[in-house]
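Dock chain to chain to rebuild the complex, using the hints, since each chain is given by itself in its own frame.
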Amino acid sequence: MPEVLRPHPPLDPRWLQLLSERCADLRGGGARFEDLYIEQRLESRAVATNGELQVEECRTDGAAARWRSPSRVVLHARTGLSTAGLGELLGRHADRVALPPVRTLQTVEMDPPRGWLDWAREVTSRLGPAPSTVRFLSRRAAVVRVGEWAPVASPPIVRVERGGERPAALLAVWGQPRLGAWLQELAEPEPAKAWEPTPGMQLPVLFTCGTAGTLMHELVGHLAESDLFVTGASPLAGLLGATVSTIGLEIVDDPTRIDLAGGFDYDDEGVGAAPIHLVRAGRLEGLLCDREGAEQLGTTPGRGRRAAWNRPPVARLSNLVIAAGKVPPEEIEADLEHGLVVTRVGGATVDPVSARTVLRVECGWEVRNGRRRRPLAPCELTGSVVEILAKIDSRVGSDPTPDWRLGWCIKDGAPLPTGSEAPSLLVQRLEVL
Amino acid sequence: MSAPEVPEYAERLHRAATATREHLERSPVNRWEIFAKASFTREVEVTPARPLRVIDVEETGVAVRTLREGRMGFAAASGLEGDASRRAVESALATEVNFAGDPLPPQRLLGTTEVRPARILPPRGWATHVGEELARAVASLSDNHLRLRRTILQEGAFGWILATGDGWVARHEDTSTTLLAEVELVGERAGIWRDWLHIPEPESFDPEAAAARISDRALLTRSRIATDSGLRDLILHPEVSAQLLAAMAPLFLATPDTEDLLPPLLDNEGRLAAPSLTLVDDRSNFDAPITGPCDGEGLPARRTLLLDEGVPRHRLASFRDAERCGEVPRGGALRLSYRDYPATGIANLQVLTHGGVPAAELLGTADRALYLLRPLAPVSCRPETDSYRIVASGVWLDGRRVCGWHPVVELRGSLGRLLRRIEAVGADLRWFQTERGCIGAPSLLIRRQSVVG
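Here the protein sequences line up with chains A and B, keeping their order. Count the first sequence with numbering that gives the first Met the number 0 and you get residues 0 to 432, in order. Count the second sequence with numbering that gives the first Met the number 0 and you get residues 0 to 452, in order.
With the rest of the complex left out, here is chain B (with noise of 0.2 Å):
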């Protein structure tokens, strides 16, 4: 199952966007944007001593925005035949409303930027193969201390259209494949570690590294219950550092000047955060989880500098929002699926990592510290407050020593000085799925932050 391999389907997606065209064509609407989109996903849950389970799943449908004297409407109808042309773009009239402006992009800034052709999808029975390989790994790499408890192997190939009224076209295909991997210790304590990874190249997949990634954390808290408070060093991990990113994106969205939050965060410098960090939203990146030669809307695809060595550059904007924040269109909108608007969002948030700092290096460093494993709830950053708080699970750390395991501990304070003393970033970064979107993290370290244990 692969993009290339169900070649009907491109045809079907053509179809359908032309039968769509011809209802616009045939409505009183000035202007208007079709987007069509097939998806095929296959879901494999290997689980040791029970049945294999097997989700395949084909999904499609049509989505229409249309623009006509002043008043704007979206729909969108599952399927691709005639039947969801004449829904969406019946809905789409149905739903009209006043609206100032025109929200679909001119001409002149659609295009595409260059893709690399649809990637093969593994062959079938590759992930019974990954559960059985993982499941060996992870026992022999924690000497039968952790127990792969299941494996939930998700590829999937999709093909979308974008088209105007205006005759410019876009294509994409392409596929994905992911990895839930959730391991448990055996014995004393209980408990699941639950990690996904986004594997871009499944052929040259290694379920040993992938078993050390999933396995890292739950060793950790093998040992003793401790607690500890004043100012320590902070170590986050990969999964901390992206829901801080994710809790902080809204930053990174365009805003009108009067609702502008980021402001007051800076110093005299004009600086977020430390020099160390630099956050881009790369739309071009093949090895990202969400690929495409443009945005939702068709503007091409590219990196966003969004924090450039600590200092805020540009923000992610839809062109309606980018209108009306007076920002210079970038192709900031993205749709989550054919049933959604396309609307401003991060598509592959994701620190740069060059010149990072190996993680043991990053863990050695570190006198005294607090390594935060894993958020137990969704962190906050109250930028009008200049507050962050995160809840979290951690163990203390004396050198590359494991003193204890500190199951919940919550860190406050001044957002500001939190991104301001970040020293260094790690060399392992990770993608995660997060509410906000797609985010690449790596380990980071933070000097001397208040901890009540």
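Here chain A stands alone, though its shape is the one from the complex (with noise of 0.2 Å):
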């Protein structure tokens, strides 16, 4: 389990150091030089395929420089981490190059760890005869700034895959105590006799084994990223500071979380990790910015976070971090006269035209009178995002619960590694799909 992430630059700390002083020399048409962004990637994969294990590995590095203009914003991205390369992908915008002097750049090594190759083995044998992957993942990288430069580290990550008929994914920090327990929980077979519930029902659900992370994730997080604010396209645009649940919800987005896959401990612009507190007693708090939208709506950044190397930051959710409260998830559950229990939820979206949001339900419960009579079967969830907030009960779960399936976050195509904590959560009314 990792307790504290030990940042290793790609490159050699001092030349960093003296590449961001002379940062200050690089001018370009009229453009400002915004930072130079070095990654290391590594991602090595185990593919099972009908009891055949095949292992393949990709090393990826490269760089970004991005400049700002009143009317332009431009990245220019490369492969490679060589200082040759550096200097030209420097020199596209600027006029004048005064890079540091060449000095021998280490390159730290990347390797996965020991008994990885035994642990994935294992891993997919465990999930049966349908196709599986084990992806062991871990990067790191460095922004350099006019003056400063900050090395970038997170967490290495394991993603496991099953294929076939039931297919499904598990995101986790490697290490992650619960792991275990957690690819016990992909494994399991599908209930035989599961109940479906009739489309157009409008039920109680209780969001269980964190699984309101996931809704949340969609329903705050997502809606909270400052790009959608900007545009008005956020359901919540011009909520700010209005109650939008239960005053008994707390919502922190935690990139300091690292046993969490979103965790990290400066984002990719260099701004040094902190929570952010989205919603403070029901009240709608804090948005999630990069350097640019937090420019735009006058708070702070910290959560520019780029795909890869040759992307450009946006701003994304890191972990969001439901509190807990205290009421024994039991006993939210003992009073639902019918309703549903979510345990296991695949995923959610959000749709931008109607603001509902669509909740992909793969296993729970349905409650009668206080108790569990029939599995559920794979489902779909509905309701208007600003209705299901306003819904959320005042009882919050006293049982948070990091949640598996999560998973990669996608958005407008550029997937992220994120984490959910949660407690339960009751949401009063949705509607079956």
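Some clues are possibly wrong.
[As the list claims (entries may be wrong)] A short list of chain B residues far from chain A (calculated; beta carbon distances all over 12 Å):
#1 E10
#2 P121
#3 L140
#4 S175
#5 E200
#6 T352
#7 G415
[As the list claims (entries may be wrong)] Here are the simulated distance ranges between beta carbons:
#8 A:H7 to B:E202: 42 to 52 Å
#9 A:G50 to B:E113: 39 to 49 Å
#10 A:G163 to B:R367: 38 to 48 Å
#11 B:A208 to A:A389: 36 to 46 Å
[Said to hold, decoys possible] Far from chain B, some chain A residues (derived; all Cβ distances over 12 Å):
#12 Q16
#13 L17
#14 E20
#15 P112
#16 E147
#17 W173
#18 E187
#19 L238
#20 A241
#21 D264
#22 G297
#23 P327
#24 A389
#25 P399
#26 L415
Please keep in mind that the hints were generated in silico from the structure rather than gathered at the bench. In this text, a Cβ means the ideal position worked out from N, Cα and C, and glycines have one as well.
In structure tokens:
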């Protein structure tokens, strides 16, 4: 279990410091040098098909330089981290490049941990005959700005994908103590006789086992991202400072939780990681901003994240953590006359036209008079974003649980690891699709 | 920026392939394969009243597949210089695992199909021009009810070399141009509609036609919200058709007989779908998004008939999967990038639309129909239970008249029945990027499906 992130920048720290000092000399046709992002990645894959295991490894590195002028924002990116390559990259937009003298660059090795392949082999065999893939992913990066630089570290993560008739995936920090239990859940067979709720039914739904994290990821996390707020595309735009949910609801986006998949010590624009309170006592209070969004909205940056070295940073979530309440989840469930208990969610989307969310439920139960009666067949639940938030019950569970199904979060086609932890939450009414 | 304008990269690719070959020849491998690729993309985002955003990316890399004494390795490393070649070879040898058989196709199967010369990309400044023209056309076409929110024009040039230890070499270079446009309704019902357009011929790009394509659905949702239930005709917008085909795509990939889910879906005549539906994976179509003289392993590019007037014919397979499943290797391997192992996959899956009905005519032929405009969640197909589920947003039609907007509607039922009730395909084929690959789909008219509003 990683307790502290140990940043190893991809290049020699002294050279990076020198480079940051010289960046003050970069000028380019009225454009201002913004930053230089440098990254190394490793992806090791163990792919199991028909009992055969194949191992694949991919090592990539690259860098991107950004300039900004009143009329355009430009990002130049290229493969490789050689000094000559970085010089060429900076020289594409600057009139004069004053790079520090070449110094031998340290390349940090990023090999997977010892025993990883044996672990992957065991995992694929536990998942049975369906094709499956186990990935180990790690990256090291640095952000160079005028006069400063920051090493960016994030915990190595593993992703387990099961194909076949019931595709599912798991994403977790390597070393997460609950990984074994989550893998067991991933391998569990589907219940033989499951209940299919009738479309159109409106029922109270209790989100347990951390699944409320996925719900809030879509309803609050994404919709508090600065780009959606600036353009007014978020259904929550205009509600900053307003009470949007029950007074017991506290939501923080916390990249310092490095036990969750969205953790980091600096964001990809070189801003130190710090928790941001999004909802406090039911009031929408905070936003997730990259540097540009923070400037436009007059708030703090820290969530500029890049899908890879060749993409620009955009405002993205890290780990959405919902504060636990004091009510035992069994107590909330016992009060349900007729409703659903959700134990696993496959994902959710928010339609930007209707501002409604569609939530894919993978596992759960029908509850009658406080007792679990029948396992739930996979189904979809829907509701309006603002209405769902308003219908969250004031009783918040006392069982904070990290979610392993959230996995890669995709925005504008760019995937990023994110995490969540949530107690049980009851939504008083959701519609079955 | 076009492939012919950057000849030094052809030379760099050649040097990378040579350096990698030299590393491999010094290694104790029996058979090997090298794939080296260079790509250059420029993405220009035009948003009214905001600075232009430009992203220029050069990405290069080398991948190696090796086989020695029953052990196979695969690795990729970024860059085209000597270090990349060395890293790729060393990693491939370090990741070797036992493997039954030979995953590399024999030389007798390798070959290339003629492709057209690399297309020339539009000149600099074209993206800004297109963004402005589209904004004007969208506003004019919609009587100012719609506003173009942003356009992202992506232009790319790429080149690659595929070489084997048997001395076989293939090269390819081409360009691609795509457009992502977002429009929003002005006034009473806010919301964003997004469209992706593959532009095979930038020089003949028509902003008016493109504006019509990216505006049509958004304008329909201006009607009042309405629900309905019962047996209704369905019309799937090309985007919904594409998502349905993406969900069905695994049915067209090679599978061992014991795991084959297709037979239980066939009717007594061996038909999966109505005769109006013919599907191909066409790797020789110059105008499709994925081009090249061969598949990801070097088998000649070709058109594979997957569904012939509703009857399954062939399946896609990499060489290894074809061997495993007893299929004839037809060149069904795909490399998503240099980083990925060449695996079975769809390249350009498309519905044949010869004799397709113009979309407007298709909409007019249905009484009390639900016109599904866009999926709100991934379409789900479960062949093992002969079921499908579509969650989408749509409008109710009575003849050509729009009676109301249904923001979220769910359809589910028998997949086989759905496919066999496809009465007509539209002539409005569009390309979409889906999680399964590129899919060219038109509107589909499906008779009498149960709808729960």
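Inset, instruction - List in ascending order the numbers of the hints, as given earlier, that are violated by the structure. - result: Checked against the structure, no hint fails, so every one of them is satisfied.
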